[in-house]
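Enquirer: If you want the building blocks of each chain, they are given just below.
2 protein chains.
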Amino acid sequence: MSDSLIETSDERLRRLVREVLDLLDKQKLEETILRHQPMSRHELIESLMHKQHQVALKQKLDSLHAADIAFVLEALPQAQRLAIWALVDPEMDGEILLHVSDAVRESLISDMDREELLHATEQLDTDEIADLAPDLPEEVMQDLLKSLNDQTRAQLESVLSYEEDTVAALMDFGMVAIREDTTLGVVLRYLRQRGDLPENTDKLFVVDKQGVLRGVLSLKRLLLRSPDARVGDVMSRDVVMFHLDDDASVAARAFERYGLLSVPVVDDQQRLQGRVSIDAIVDYIRQESDEEALAQAGLMQEEDLFASIWKSVKNRWVWLGINLLTAFASTRVISLFDDTIGRVVALASLMPIVAGIGGNTGTQTSTLIVRALALGLVDSSNVRRLVLKEIGIGLLNGIVWGGVIGALTYALYRDPALASVMAAAMALNLLVAAVTGLFIPLIRARLDLDPAIGTSVLLTAITDGMGFFIFLGLATLFLLN
Amino acid sequence: MSDSLIETSDERLRRLVREVLDLLDKQKLEETILRHQPMSRHELIESLMHKQHQVALKQKLDSLHAADIAFVLEALPQAQRLAIWALVDPEMDGEILLHVSDAVRESLISDMDREELLHATEQLDTDEIADLAPDLPEEVMQDLLKSLNDQTRAQLESVLSYEEDTVAALMDFGMVAIREDTTLGVVLRYLRQRGDLPENTDKLFVVDKQGVLRGVLSLKRLLLRSPDARVGDVMSRDVVMFHLDDDASVAARAFERYGLLSVPVVDDQQRLQGRVSIDAIVDYIRQESDEEALAQAGLMQEEDLFASIWKSVKNRWVWLGINLLTAFASTRVISLFDDTIGRVVALASLMPIVAGIGGNTGTQTSTLIVRALALGLVDSSNVRRLVLKEIGIGLLNGIVWGGVIGALTYALYRDPALASVMAAAMALNLLVAAVTGLFIPLIRARLDLDPAIGTSVLLTAITDGMGFFIFLGLATLFLLN
Numbered sequence: 001m002s003d004s005l006i007e008t009s010d011e012r013l014r015r016l017v018r019e020v021l022d023l024l025d026k027q028k029l030e031e032t033i034l035r036h037q038p039m040s041r042h043e044l045i046e047s048l049m050h051k052q053h054q055v056a057l058k059q060k061l062d063s064l065h066a067a068d069i070a071f072v073l074e075a076l077p078q079a080q081r082l083a084i085w086a087l088v089d090p091e092m093d094g095e096i097l098l099h100v101s102d103a104v105r106e107s108l109i110s111d112m113d114r115e116e117l118l119h120a121t122e123q124l125d126t127d128e129i130a131d132l133a134p135d136l137p138e139e140v141m142q143d144l145l146k147s148l149n150d151q152t153r154a155q156l157e158s159v160l161s162y163e164e165d166t167v168a169a170l171m172d173f174g175m176v177a178i179r180e181d182t183t184l185g186v187v188l189r190y191l192r193q194r195g196d197l198p199e200n201t202d203k204l205f206v207v208d209k210q211g212v213l214r215g216v217l218s219l220k221r222l223l224l225r226s227p228d229a230r231v232g233d234v235m236s237r238d239v240v241m242f243h244l245d246d247d248a249s250v251a252a253r254a255f256e257r258y259g260l261l262s263v264p265v266v267d268d269q270q271r272l273q274g275r276v277s278i279d280a281i282v283d284y285i286r287q288e289s290d291e292e293a294l295a296q297a298g299l300m301q302e303e304d305l306f307a308s309i310w311k312s313v314k315n316r317w318v319w320l321g322i323n324l325l326t327a328f329a330s331t332r333v334i335s336l337f338d339d340t341i342g343r344v345v346a347l348a349s350l351m352p353i354v355a356g357i358g359g360n361t362g363t364q365t366s367t368l369i370v371r372a373l374a375l376g377l378v379d380s381s382n383v384r385r386l387v388l389k390e391i392g393i394g395l396l397n398g399i400v401w402g403g404v405i406g407a408l409t410y411a412l413y414r415d416p417a418l419a420s421v422m423a424a425a426m427a428l429n430l431l432v433a434a435v436t437g438l439f440i441p442l443i444r445a446r447l448d449l450d451p452a453i454g455t456s457v458l459l460t461a462i463t464d465g466m467g468f469f470i471f472l473g474l475a476t477l478f479l480l481n
Numbered sequence: 001m002s003d004s005l006i007e008t009s010d011e012r013l014r015r016l017v018r019e020v021l022d023l024l025d026k027q028k029l030e031e032t033i034l035r036h037q038p039m040s041r042h043e044l045i046e047s048l049m050h051k052q053h054q055v056a057l058k059q060k061l062d063s064l065h066a067a068d069i070a071f072v073l074e075a076l077p078q079a080q081r082l083a084i085w086a087l088v089d090p091e092m093d094g095e096i097l098l099h100v101s102d103a104v105r106e107s108l109i110s111d112m113d114r115e116e117l118l119h120a121t122e123q124l125d126t127d128e129i130a131d132l133a134p135d136l137p138e139e140v141m142q143d144l145l146k147s148l149n150d151q152t153r154a155q156l157e158s159v160l161s162y163e164e165d166t167v168a169a170l171m172d173f174g175m176v177a178i179r180e181d182t183t184l185g186v187v188l189r190y191l192r193q194r195g196d197l198p199e200n201t202d203k204l205f206v207v208d209k210q211g212v213l214r215g216v217l218s219l220k221r222l223l224l225r226s227p228d229a230r231v232g233d234v235m236s237r238d239v240v241m242f243h244l245d246d247d248a249s250v251a252a253r254a255f256e257r258y259g260l261l262s263v264p265v266v267d268d269q270q271r272l273q274g275r276v277s278i279d280a281i282v283d284y285i286r287q288e289s290d291e292e293a294l295a296q297a298g299l300m301q302e303e304d305l306f307a308s309i310w311k312s313v314k315n316r317w318v319w320l321g322i323n324l325l326t327a328f329a330s331t332r333v334i335s336l337f338d339d340t341i342g343r344v345v346a347l348a349s350l351m352p353i354v355a356g357i358g359g360n361t362g363t364q365t366s367t368l369i370v371r372a373l374a375l376g377l378v379d380s381s382n383v384r385r386l387v388l389k390e391i392g393i394g395l396l397n398g399i400v401w402g403g404v405i406g407a408l409t410y411a412l413y414r415d416p417a418l419a420s421v422m423a424a425a426m427a428l429n430l431l432v433a434a435v436t437g438l439f440i441p442l443i444r445a446r447l448d449l450d451p452a453i454g455t456s457v458l459l460t461a462i463t464d465g466m467g468f469f470i471f472l473g474l475a476t477l478f479l480l481n
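As they're listed, the protein sequences go chains A and B.
The numbering of the first sequence is the UniProt record's numbering, which starts it at 1 and goes up by one.
The numbering of the second sequence is the UniProt record's numbering, which starts it at 1 and goes up by one.
I should point out that these hints are in silico values taken from the structure, not numbers from a laboratory.
Certain hints may be false.
Note: identical chains are not told apart, hence a pair may lie in one copy or across any two.
[What the hints assert, rightly or not] In silico DSSO-like cross-links for lysine-lysine, where the CA-CA straight-line distance does not exceed 30 angstroms:
1) LYS389 x LYS51
2) LYS389 x LYS311
3) LYS314 x LYS389
4) LYS220 x LYS209
Only chain A is shown next, with the shape it has when bound in the complex (with noise of 0.2 angstroms):
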């Protein structure tokens, strides 16, 4: 028994991986020597060495959950991971591509003719389609649409018309539907003649004639409760639904506040839609951590482990770009200062202490702030008390680093004027930098532009410039006699 229970590690994964690049690998070898040596009888069994090892990793690939696979091909370099999935049951192509993260995914698809993507896609559930909708070709869409039957065809047209971040972008369709003047009995008996139910069912959704949801029924009641009980009597009417249109980060918050697994969708006369479920509000909080990770350090979007040099670059150039134009834009503020830089050589070497300083404060204070509007935290009721206390911070931080600062100098150039020269500028940066982190989010929250992208860009660039101008300004103002 032990055996057939299924050990999740990294370990068992990483194995995975390894067992299967060793089974290609002997493949390889062997066509190596097929191709090098006239046939013989020595080959024709080697030949069969080759089928057998084939027969093994397909043996291999077929024992394995579709996100094992999904595992194996992106930790695989591209040559592999074709070789790989030319292997793959086609019946689990589409759950595969599901599970990839999107640069493998384009990779895959890109290897896959017009026939294969329709029958993998075709194996999918229409929540699942439109998931993968953005990646297909647009011939492949318009086949898969014509194959669809009406009420799918109509689902999917639905869902792909709401914007990505809405709850209908999040919705499913694997619901059960009762009817509330029925017994508990009855829709036992129902279930059973229906003979399953969608994954992560852990209510029933009761609505009238109209489609109009009138409350939800837990499995937990349906099993509890007595069978002859109506369902009227024990559903429950205090339901956590959606509107199609609701923000997605609305609705993940609320899954994670009040627990839920499953929440009803309705549209604006309160028929129910579908349903959005928990596993789609894990992978919609992981896309968005991830989103903003890799918006944090200026990457447009994962990439591919293995994607070519090309591919990468141009992933990273956009924001390397940008860091271009707002160095140069910021450090023009340096060049003005150019004679008092070259009568006190000194500057020079503190001047990006004053300004890399400023930014780092101001990140802290700007994430803060980005973190308490995506939570709903900060209205007009206490953005007032933030500010105030944003730049208290900002004041006692100038002094104490300020003095530290000052006190470094000092100590290293033994020049009581560069030393509050020094000081004084930091402290007057931190201040800048506690307002800036604290407006910008502001600001672009309140022009509906999302806080957490661009901050970082904007605030850095005004730190920096803020610092170099307001050192190298009192060095002239003081330090020039």
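Chain A is already provided as a structure; the job is to place chain B on it using the hints.
Expert: What follows is chain B alone, placed relative to chain A:
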């Protein structure tokens, strides 16, 4: 009906906060009146009105979900927060403490006495007590342990003995164990008699007399299969399960990969110890991504929006101190070249560009490597390929951006020698950045240090220092004739 459905939106929660603030304001106004006038009939009426508002506020609070009260507390300044906290039904205190952020929890707990804390925690499940344990005063924990029955105390002590990032720390004890030789009908009767199911129950755990896990029975099968079927014949034996000391992040990825709702946890002898359910996983994923985002910005932990300036400042100072040291260290390089800068002052305004862009490309590389490491995608079989690829990108970046920057420099200064030095320094530092961004996380991972933390400080220190050194060094060699 449509009124009784809960609509979850940020607007609703913000309205809640405003309502509560409003009720608090009215109460405060009346308290002020009461304090300044001698007792009179007029006053008696107002005192009654005051009571009325307090009653309204209390009713409002009693109607809310613990998670919503937590949100309101989170969004209120300290004084109002404690006023509301005092009005909350003590039965809900424990639940609310679980929902608020660490920072706010601290402020609420410090407002409670021993009795109140003991009462609040006694309402909770064992795993929930374990979650609060780090924030509870030692004496309360002692009292609490005394008040628990033997089984619960043993469970609590066992959970607390494991590290924070293990499966044991995510585990709860809300599970139903059954035997394989009973029928589904008997199980159904047992559940009805039990009268309740733990939250997030999607499956029952099948164990033998020694408590060894034999398989799982999903509620779905329990509902759909014939009541006469034997559990052993219907249960699933291919079970994803965890061990107590498995890594929490690996468990989280297993939930995501296989779309799980709950997973049994076993000890070394395969005996059932507890389960991990999806809501603990969602919390864990959110917490991990939060911690990472905060650490990236140099914050030790989440801040209470309304914490004192002093508390906030302590959260931010460690990082600023480290930054100050690395900034001083890397800029000491500049002072080695005071003479060069004194003679070619333009160098001062160009050198921050070389250092800055180097830091940014290095961060792009390290972010991708850290993520690939976290997913388990990097190992000895593919690391050479990755290194070659990143060095290739570094070279290509160096040639292209070095060229662009050289051209810009020429446009600004009309000095071909200066432009060439700038281009060469940029190209070299981009290569340094690629190599550094690649090897810092790889080496940290090899040394079993978290590659996500500390990488950025080290990286920027190196790209800054090297950027200054390469640029000013080349300038000294080629421009001072």
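Enquirer: Compare the structure with each hint and give your call.
Expert: Here's how the hints hold up against the structure:
1. LYS389 x LYS51: Answer is neither: 72 angstroms inside a copy and 34 angstroms across each miss the 30 angstroms cutoff.
2. LYS389 x LYS311: between (45 angstroms within a copy, 11 angstroms between copies)
3. LYS314 x LYS389: The answer is between: 14 angstroms across copies meets 30 angstroms, while 42 angstroms in one copy does not.
4. LYS220 x LYS209: both (25 angstroms within a copy, 27 angstroms between copies)
In this structure, the one hint that does not hold is number 1.
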